[in-house]
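Novice: Sequence:
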Amino acid sequence: MALPRIVAPLVALLLTACPGSTPPTPVVPSDGGVKADSGVPSDSGVTSDGGVPGDGGTPDDGGVSVEDGGSSDSGVPGDDGGPGDAGALDAGGASDDGGSSGDGGVPSDGGSMSPDAGEPDAGIQELTVTSLGLGDGRVGQPYAMTFTASGGRAPLTWSFTGTLAAGLTLSTDGALSGTPTAAGTVPFTVIVRDADGQTASARLLLRVEPLLSLFTVGHWNLEWFGAPNQGPANSTSDGGVTDDIQVAGATDVIRDAGAHVWGLVEMVDTADFNTLLAGLPGGYSGFLANNTAYVLSGTSLYSAGEQKPGIVYDSSLTYRSAQVILTAQAADFGGRPPLRVDFTTRIHGEDAPLVVIVTHMKAFEDMTSYGQRERSSTALKSYLDQWLPEARVLVIGDWNDDLDQSISTQNGVALPTPFANFLDDPTHYTFLTKVLTDATIRTTTEYNDVIDHTLVTDEVAVDAVPGGVQVLRPDTSIPDYAHTVSDHYPVLTRYDLSGVPGPRVRLTAPMDGTFVVGSSLTFTWRSAGVSTVRIEASYDSGDFWNVVAPSVSASAGTFTWTVPDVESDLVRVRVVDTANASRFDMNSGRIWFTRTAPRVIINELLANEPALPGTTAHEFVELYNTGTAPMDLSGWSLWDALNPQHVFAAGTVLQPGRPLVVFGGPAGFPAGTPDTVAASSGSLGLNNTSDSVQLKRPDGGVVDSVEYSSTVDAVSINRAPDLSPDAGFVPHTTLTPGLQSSPGRRADGGAF
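Mapped onto mature numbering (1 follows the signal peptide of the UniProt record, and there is no 0), the consecutive letters of the sequence shown carry residue numbers -17 to -1, 1 to 735.
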């Protein structure tokens, strides 16, 4: 495929006191001129496919079989120490070096040259580097991991020889972090020294993948866009043209997001829409549903002054036709029947049709409106089943209801979602935005419900990128966003349309994370043109693959497995087409199997912020990982007593023994502060008198919670003793040496 896969971390370990073999020389994937993802904000965590047909080890994309654990690398004799392999006796390295003569593995390897350098004192366990696997990085996306070691005498100090990947730094406490700026595979030696001068080292390789280019789809309810007397109350500047603030804000968001196509609803004024188009980079086109140059009979269905759907698209798509559909059910759609636009675009190496349907269903919670949404959903599915049964279709827009249950209630009980007809047919339809519902990531400024959705047919679902669903938050950069631009947030979804035509399979879970021995681990995947799949796992980063399930129906899309009794931070899993072993997809992130369950706690919180500029931005909640394995916080959330205030972005991993601080806003901490993020909602919303803070998993389970009934100005509450999972909370000033707070540091002010 044209896009390099995120393959297994390639780790070559040369311990100074223990010779050993290294994996085969890694092959650096060619960039092939892949463009960036248009600078989409917060696009971290979007992962590459790695399993489209023809990509199973072709030399030009970095996925050769000897590198990623493909069929020719599974224990082939001679692959782990043959002639020339660094560490073999004929490699030219001294027997006590552990590597070839040119690998920098001389006996001292960065340590002291004194006679007893590197020798542990009696009673002190020998110092050993224990973190030997590095997850892959990607250009332009933040990278972070912390090295660990066993033995020796604290404190430990970390350094390196060689060259780190461009954009990364290694701190003396072992934190490797930064944002990679160049693709490639970079070797270096990490060195740890204890208080007695004992040293240990490990020779590592870090792969940095090129910028990833994905097909991105956006949709947005631009509240009464351009309407002179309706919509956001402050959408016009003093003395300015009507709705100039709304038009400018919408233009900035659409331009900066870099999506290839947008479905827009509540579009009213054509002149303002044309102004928006003119403000976008060259190559964008678009029209509203009443434009007869594109839509036949458009003006008879939509007048100039009413809400209507619209479309914006770039030059990667070729317009073919447009029509307003389901006009007989217009009343059930609240007088806004959907707009269908037919395009062609490059899909898996060939020009192929793509249908985009922009919908805006009936609003409000009353029973009449609920019934209208239910009937609209029935009509829409019947249309898709009848007219587009094998087409690539995206249905995007404001559905005005959620997927787990309805916003409408009867006798105080929430009614079933009106879109159950689609959810009950997972073979043919997928709501990609259900991950937002599951994580309670709101799509409006006022309500917690997720009502803006992306529905795709199975022909599109297989190309959807795991972790590629994103709610943009313009309210963090546009002042008074809800009263100047819209009461809805834009929603993006991303797709990998690279590679060649034909069958394909895509792993959707697990992509990364920590799993406890004996617990259940569910594999999920999507496929097209594949009958059965084989599920495999590797505990050594892909050198050897174990069969988990030899044959599972591809249409099942799921398989549950019990995590085996293996302790490893180098786990890889993959799903393989049984008819073609080169057609597979594997996890892109790092998976840990551990015998000890990791535990993340709330360690400190400040609800009564100091009297500083930025007001509630200085509120914070500090988390701490008390376990021995990293914890993937993707999709986890922080709640106050009533509402979610922060959702952790995809790819957020909390390393063992490390903190993560969530501030109310970016004004609460200096830009670039490590282990620190701003609340995704724009505020933590903690009451000064009394409140509670809850840390929740994506499934809604409570991981930890804290209740408080009083506060002191500018003084946090902290566990005592500090970092103790089951300890109570006390005012921070009662802890030695009496600091008011210590976000991101130990209670005594010391670094972690």
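Careful: at least some of the hints might be erroneous.
[What the hints assert, rightly or not] Pairwise CB distance ranges (calculated):
1. Thr656 - Gly354: 21 to 29 Å
2. Phe527 - Gly683: 24 to 32 Å
3. Ser283 - Thr543: 51 to 59 Å
4. Asp239 - Gln393: 21 to 29 Å
5. Thr282 - Pro211: 38 to 46 Å
6. Ala697 - Ile107: 42 to 50 Å
7. Gly683 - Gly180: 49 to 57 Å
8. Pro211 - Leu398: 32 to 40 Å
9. Ser460 - Ala149: 24 to 32 Å
Hint data in this document are derived by calculation from the structure and do not stem from the laboratory.
Just so we're clear, the structure is a prediction, and the values are computed from it rather than from any experiment.
From the three backbone atoms N, C-alpha and C, an ideal C-beta is built for every residue, glycine too.
Novice: If a hint holds in the structure, say so; if it does not, say that too.
Specialist: Hints and how they fare:
Range check, Thr656 to Gly354: about 51 Å between beta-carbon atoms, so the 21 to 29 Å window is missed. The hinted range of 24 to 32 Å is not satisfied by Phe527 and Gly683, whose Cβ atoms lie roughly 38 Å apart. For the pair Ser283 and Thr543, the beta carbons lie near 53 Å from each other, so the given range of 51 to 59 Å is met. In this structure, Asp239 and Gln393 break the distance hint of 21 to 29 Å, their C-beta atoms being roughly 42 Å apart.
In this structure, Thr282 and Pro211 break the distance hint of 38 to 46 Å, their C-beta atoms being roughly 20 Å apart. For Ala697 and Ile107, the hinted distance range of 42 to 50 Å is satisfied, since their beta carbons lie about 43 Å from each other. Roughly 50 Å separates the CB atoms of Gly683 and Gly180, a value that falls within the hinted 49 to 57 Å. As the Cβ distance of Pro211 to Leu398 is approximately 37 Å, the hint placing it in 32 to 40 Å holds.
For Ser460 paired with Ala149, a C-beta distance near 28 Å keeps the hint of 24 to 32 Å intact.
Checked against the numbered hints listed earlier, the structure breaks hints 1, 2, 4 and 5; every other hint is satisfied.
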